[in-house]
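A.B. asks: Chain by chain, the residues run as shown.
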Amino acid sequence: MSTTDITLALARAERDEPGAAEQLWELVYADLRQLAAARLAQLAPGQTMQATALVHEFWIRLDEGNHHGWQSRAHFFGAAARSMRNIMIDQARRKRRLRRGADRERVPLAPDLVADPDSGVGGSADAVDVLALDEALTALAAEYERPARVMQLRYFAGLSIEAIAELENVAPRTIDRDFLFARAWLRRRLDRG
Amino acid sequence: MFDDPIKARGDARGDSRVLRLFAAGSELPPAERAAFLEEHCGGDDALRREVAELLEIESGELGVFLATPAVAGPPTLGALEIPAVPAAFPAVPAASSISAEDLARVSVAPRIAGYEDFELIAQGGMGAVFRARQVAPVRRTVAVKVIRPGADSGALLRRFEAERQALALMSHPFIAAVHDAGVDELGRPYIAMEYVDGAPIHEHCARERLSLEERLALFLEVCEGVDHAHRRGVLHRDLKPSNVLVCRAGDRFIPKLIDFGIAKALEGSLGDESLYTLEGTLLGTPEYMSPERLEGPASRVDTRSDVYALGVMLYELLAQARPIAPERLQESGIVKLHKILIEEEPPKPSERLSELLATGGEAAARLADPARWMRRLEGDLDWVVMKALAKEPEQRYRSAHELAADIEHFLADRPVSAGPPSGLYLARKFARRHRATVIAAALVLLSLVVGLFGTLWFLAASLRSEADAKQRATEAEQARRKAEGSRLAIEAAMLAVEKPNQALLLALEAAELTDAAAVHQTIHVALPHHSQVAQPMGHDYGTRQALYLADGRLLTRGVDPFVCLWDPDAGALVRRFGGDWSRIVAMALDEAQARLATVTEDGAARVWNVETGEGVACAVKRDATATAVAISPDGARCAAGFADGVALVFDARTGAVEHELTAPGARVLDLAFDPSGRRVALRSLDSPTQIFDANTGSMALELAPCAGRDLIGEGDESLVRFSPRGEWILNTSSNGGRGSSVDTLAGERVLELAGARDAAFVGDDRLFFARDGGFGFATLTTGEVAEHHGPAGEEAHVLEASPDGRVAVAVDQRNDLCIVDLAGARVVRRLRGESDKSARFVDVAFHPDGERVATTGQTLRIWRIEPEFAPFDVPGELLPFDSVALASAEETLILTRSGPKDAPVFELWSLERRHRLAVFEPGLRELLLSPRADRLVGIERAREGATEAESEHAVVFDLGGRRLHVLELPPRMVSFEIRPDGRQFAVSHGDPRAADVTFYDLEGGATLDTIRLRVDLPSALDHVTPNEAILRREHSYSTTVFDRRSGELVARALGPDHSSHTMRALSPDGRTLLVVDGGLKAWGWRLADGRAGPDAIPLARYRNLVFTLDWAAGFAERGEGRELAWVKCANEVHLFDPATSTPFSVIRLEDACAAVALSVDGRALITVTKKGRCQRWPLDTVAVARRLAVGCSSARDLENFQVGTPEERRAREKEFQRGRLTPNGHAQLGELALAEGDLDEAVACYERAWELQPLRLDYDLYLRAAELLCRRSALPDRARAQTAVDRARAVQALEQALRFGATPADVAGVPGVERLRGEPGAEPLLPRSPEPSPTK
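In order, the protein sequences belong to chains A and B. With my numbering, letter number 137 in the first sequence gets 137, and the count goes up by one each step, no holes. With my numbering, letter number 1265 in the second sequence gets 1265, and the count goes up by one each step, no holes.
FYI, nobody ran anything at the bench for these hints, they're computed from the structure. Glycine is no exception: its CB is placed at the ideal position from the N, C-alpha and C atoms. Heads up, a few of these hints could be off.
[Said to hold, decoys possible] Label-pair restraints from in silico Cβ distances:
hint, chain 1, residue 1, chain 2, residue 2, range
1, B, Arg1280, A, Asp191, 41 to 47 angstroms
2, A, Ala171, B, Pro803, 45 to 51 angstroms
3, A, Ala171, B, Gly961, 37 to 43 angstroms
Next up, chain A with everything else stripped away, as it sits in the complex:
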């Protein structure tokens, strides 16, 4: 099973081996997609699945029997948040394609896992263009690394401020500020290009 690979990747990431973080992320991404699809198949129609629960469940599975260290968790959630971000971007791209093609048919694997920017449902009240956000977030990361990371963990993996503080090993208050900063920064970027 691929969890072994992930465990290995985690260990390598911890040792800061080159390329390990990328590999870990790819593995997590692939698995998360699979898991999301499997879960959705079991859900009653229309019922939504929580990304947060999904990520956690994934981790619990991964952690079962292995007592991953603190570092591993940080790595894992970092990777998971990035994965969720990509899953969302994929979805947004797909939707955009659909709209362009004026094709109203629903794509089978289009889980309402993430915000649908058009309906405003499941996301923040003011709809966010995920693709633009992705771009802005990348720009933010280039300048302010931790605020960007906090935003990614919070917005895409749904981690609470406390949980992020724990991962980052700083006070929740600091994370709170970073988060506020990231929001303000992103808002400006999105508004003013």
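Once you have looked at the hints, place chain B on chain A.
C.D. replies: Quick look at chain B alone, frame taken from chain A:
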């Protein structure tokens, strides 16, 4: 595409100053930000612009942008049964507790010897009043009050009998005399009293159209009567117009107060609620009851409560109406009424009257000259009334006399003490009194030319003093808030049992004013004995001295003529000693606690049998006030000291005076017998202490004098004491005047401690004393003195050592109880007292169990003093820990940390002994600690290249790390655990579809048996419970329970929303299964008969606390068969009561919680954090938090209660005020309002939340609030409330529809859904209306 844009590369090029300045700036109000940036950017314009721009966005357009995760909120379907919490909305007590039969019986005229011609004049729920003629021994007309027979009319009568002695003391023309009391032939208690042929005072005033001045004159007489009773130690407790009758006496009218003290006699037999149930009947209306009487324990009721009632009455006489409009009272239920009376500041009488006059009608018609009346009323009288009506007893007049004095001041145009004492005000008063003089003086003044210099000087001075005053006012305000906070916290603690809602509100309020830790502590401290504290114990006017008997009963002495013996556990008065109408000034007990000696102010010394309450002996010296008393340890002799410097030694069995000792000073301050009873020490004012031979009465020794003077004021004590073996004599003076000194029996001074205020023996030769703001110890044999200085200004004044000599209690200047560890000579704990000066502790007494102390003062309090478990940090070089396990039996801790190459290192620590027990060699892959903490089982690491089928080994260790046995484990091991009884080790292994469980004996190392579980799904062993059940997890959505003996499937718990079970636990009785799923919810399953299909009961749901990697759940037995379940979640431990599914409490830790266990004594939870901090949480505290939480409908409320420093709370509040309240914030406020019972507000909050951000909230609470509102609303409001319900229903339906993917057609059927048309959240879902909606 696959490169991570956000990586810890450390090459970010952003300006870190931007981030820092932004963080700091965002904390400031927007108005101050520009200045802040100006100051801190140091001319770097680009930087300033950048931050300013970001801050502008933050304060303006940011809104909820990206505030919530992009992911969907938690699913709400099937998971949201909010546990019903009946206590949150206490039902209005039904008045039907009085049966018709009882009522009928009550109106039957009694037959009482000596009385005839009964005529019913009034009747109510409590009883009936008859007019009757007394024929013997005196012929007179009397009123006979017959009380409805209750379950304990015997007890009532006893109480009344006790009260009667006090009542008989009163003889005053304005108080109706009580003649007689007893039981009639039907077993109904009755009271015969003076018959008053008069009308209630307000009716009289209205009928006679009395002027304002006439009313005040009449009211002054009422005050005089009340004051008379107060001075004799009797509170009325139920003052109201119908208890103040005005009758004709000769050519004038006088008031007569009736029913004095009767409320107190009745009180014990009726709960607090009866006061409401019987509204309008004999026990009167709550409007005249003071807030402290309405909400607090009866012990808080004092003269000021009667003053409050007088205030209401005066209000009514002056404003023509009661403070609260009767319509409002009728509208609101009991709960609301309560709230109004306790919290709402009534309008000033003049405002109320002007309202009434404005509406015209009756009020105006009753007044001869309304305009003049208004003028007289405004100002002074308003203030007088409002001062009497102050919510805080401390703010009121202290006595009826003070109130009367202020009214007299008003009538004489002198300044009243109430109201703002501004200079202008005082001057105006002066001018009015001395009109002529003032006019003359003003003319003189005008004629003077005031120089410019003078004017300026005056101006500057006044400005300066204004600034000073401002500063002082700020400080005073802070002090006041703090004091108020502590007071509220204590009050909250005291109310928590009876009125959890109110207590919660108070606790929240307290947390606002003072730091949360103090609130927590106060609650923690005051509540273990809530049941006692809530009982009316102690003396009116305060308790002076307390002594515990060996059986835990408590003797108290107040400033009244009684010594009371209480059963504190039952909160009941066992008996009273004394009652000869003279105040008891001192008491003493013999060693066997069989005899009690008391002395009274009028010079009588008495000895009582403690068990029977009988007087044994009495010695009287009529010409002097008694001041001190002592009884010999064998109880044979008694010594009484008097103010004229004489002490009598008398036989404690006969009262025969044996010797008369003469003290050298003018006044005997204290007396003491030595342990043999052969010597008496006599301490007198400003003189050396003398030792007498008790057998002969001759002086044996005179001690050397001490420097300084004895000062005696209220509360000061100068004591003389023998050491436990009688070798030393200690003299103290509590105000430090003469310090403390110790002498030998040979008169040799061994120790002199100048300025030591208080000292006590804490062993044969050890002395514990207080001096210079600290504590000290002196060892008398060696003469060694060690002192520990406290913060400046802190002075201990009452010291008492525990019976086992382990700890002592002192009271410091701030009136905190300090628990001093005698061995370590340090303060181990401080218990917050009341900062109100009048509430200072006067005496402390240790319970024989050494765990409780009683404090005396304004109120009698009982505290639990067990020393706090100081947090213990496992030494830091071992950090970080990967895993922590905790076994409760010995409070042993096992810590794991990763070693080199992933080889974990295991360490074993004892929390109790606080040191490391063992370190285990590398080579173990897993180490388990048995719950009894006597064995460890380590699983060895598989050797290199081992195959899966190869068997592994387990090693059994003892706590010292010695190998006891090696167990050969079966191949293909899946999971393993030590059973909770600690005797067996279980391993599940084999093919997942036919799982086997093998049991090993940990004692002998033998393999016991292997059973095969009937499983149809692959599963892993999770838990073998003490009651022979096996828990297994199947695939991640279900948990199964198997029988340990047969391997049969007993139950399967399946979560309703397909979320994986991450943690499970079965209660010890096997009836409740606790499961935590998906990281968000805790569920409980009742396994009826251990078999039937389980129904899930939601225990808690978490919305934000999702970092759930280390869930753990456990069950623990509590006393009284109670269970407690806990779930640890990040840095919190959530506790539940699994029996009622109610959230219990939340313990917050500083970092992530690693392990939780119940302490050995079962009275506390122990937590260990990841960083190795071990803490102990007494369950009493937890229980308190639970009681406070009963009014909460979700774990969120608990969070609100517990979470957050004052700054955080204020920040949140600020956020709200800035109008940037998030939808979630509105919903939170809604939940809080719901918990507080403010349904209107709750519904309004939810509606706002819906408007802001539709379909993102839990609308079941919204619906619940609306439904409750509808049920509670008075008929006229019902329609409006129904509208709210319809709307909430529609919102909820829409929200669910959306989740289910319902079509507009489905939604169309929901009643009321049309009304949502046009609202942003509803629009996409609503079926298209014929015409397009105009709003979109």
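A.B. asks: Determine for every hint whether it applies to the structure shown.
C.D. replies: Status of each hint after checking the structure:
| no. | hint | result |
| --- | --- | --- |
| 1 | B:Arg1280 to A:Asp191: 41 to 47 angstroms | holds (42 angstroms) |
| 2 | A:Ala171 to B:Pro803: 45 to 51 angstroms | holds (46 angstroms) |
| 3 | A:Ala171 to B:Gly961: 37 to 43 angstroms | holds (38 angstroms) |
The structure shown violates none of the earlier numbered hints.
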